[in-house]
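Engineer: Sequence:
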Amino acid sequence: MKKIRSYTSIWSVEKVLYAINDVNLPFPVTFTQMTWFIVALFLVMLLGDVPPLSFIDGAFLKHLGIPAAITWFMSQKTFDNKRPLGFLRSVITYFTAQKITFSGRPVKPVKAHALDHITHVRRFNQ
1 MKKIRSYTSI WSVEKVLYAI NDVNLPFPVT FTQMTWFIVA LFLVMLLGDV PPLSFIDGAF
61 LKHLGIPAAI TWFMSQKTFD NKRPLGFLRS VITYFTAQKI TFSGRPVKPV KAHALDHITH
121 VRRFNQ
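For reference, each letter of the sequence shown is one residue, going 1 to 126 in the UniProt record's numbering.
Heads up, a few of these hints could be off.
As the list claims (entries may be wrong) - Straight line, CA to CA, 25 Å or less: simulated DSS-like cross-link-like pairs of lysine-lysine:
id, residue 1, residue 2
1, K111, K99
2, K82, K99
3, K111, K15
Just so you know, the hints here were simulated from the structure itself, not pulled from any lab data.
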């Protein structure tokens, strides 16, 4: 049983499309899946002449299979309890952000001065 902390999560039900006009779809499609498919199709059409997409000859695979695979992958599970878009945003932010920080502020490295004039001598007891 899941505890509900507020009633807003009850009303945020994702809309599902079962038919278009009078034609029943073979499986229900959510609006999020439709959005992922359209975005992936647009990217495949935009980047179709760039390798490795330029090596694919079949239009059926290129314009239907790849967007369907991307849609299926992005609608499977949440990553780190985030939606896929939020997960991708956090991964991109991680790779582009400055890595050395303290409390969210960049740290300037302090130059260490080498003490070349000090000689270390090790003495053995005889």
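Engineer: Please go over all the hints and tell whether each is borne out by the structure.
Structural biologist: Now the hints, each set against the structure:
1. Taken as a hint, the K111 and K99 pair is honoured in the structure, with Cα atoms around 18 Å apart against an allowance of 25 Å.
2. Taking the CA atoms of K82 and K99, the gap is near 22 Å; set against the 25 Å cutoff, the hint holds.
3. Simply put, K111 and K15 have alpha-carbon atoms about 58 Å apart, too far for the 25 Å limit, and the pair is violated.
Comparing the model with each numbered hint stated earlier shows that hint 3 is the single one that does not hold.
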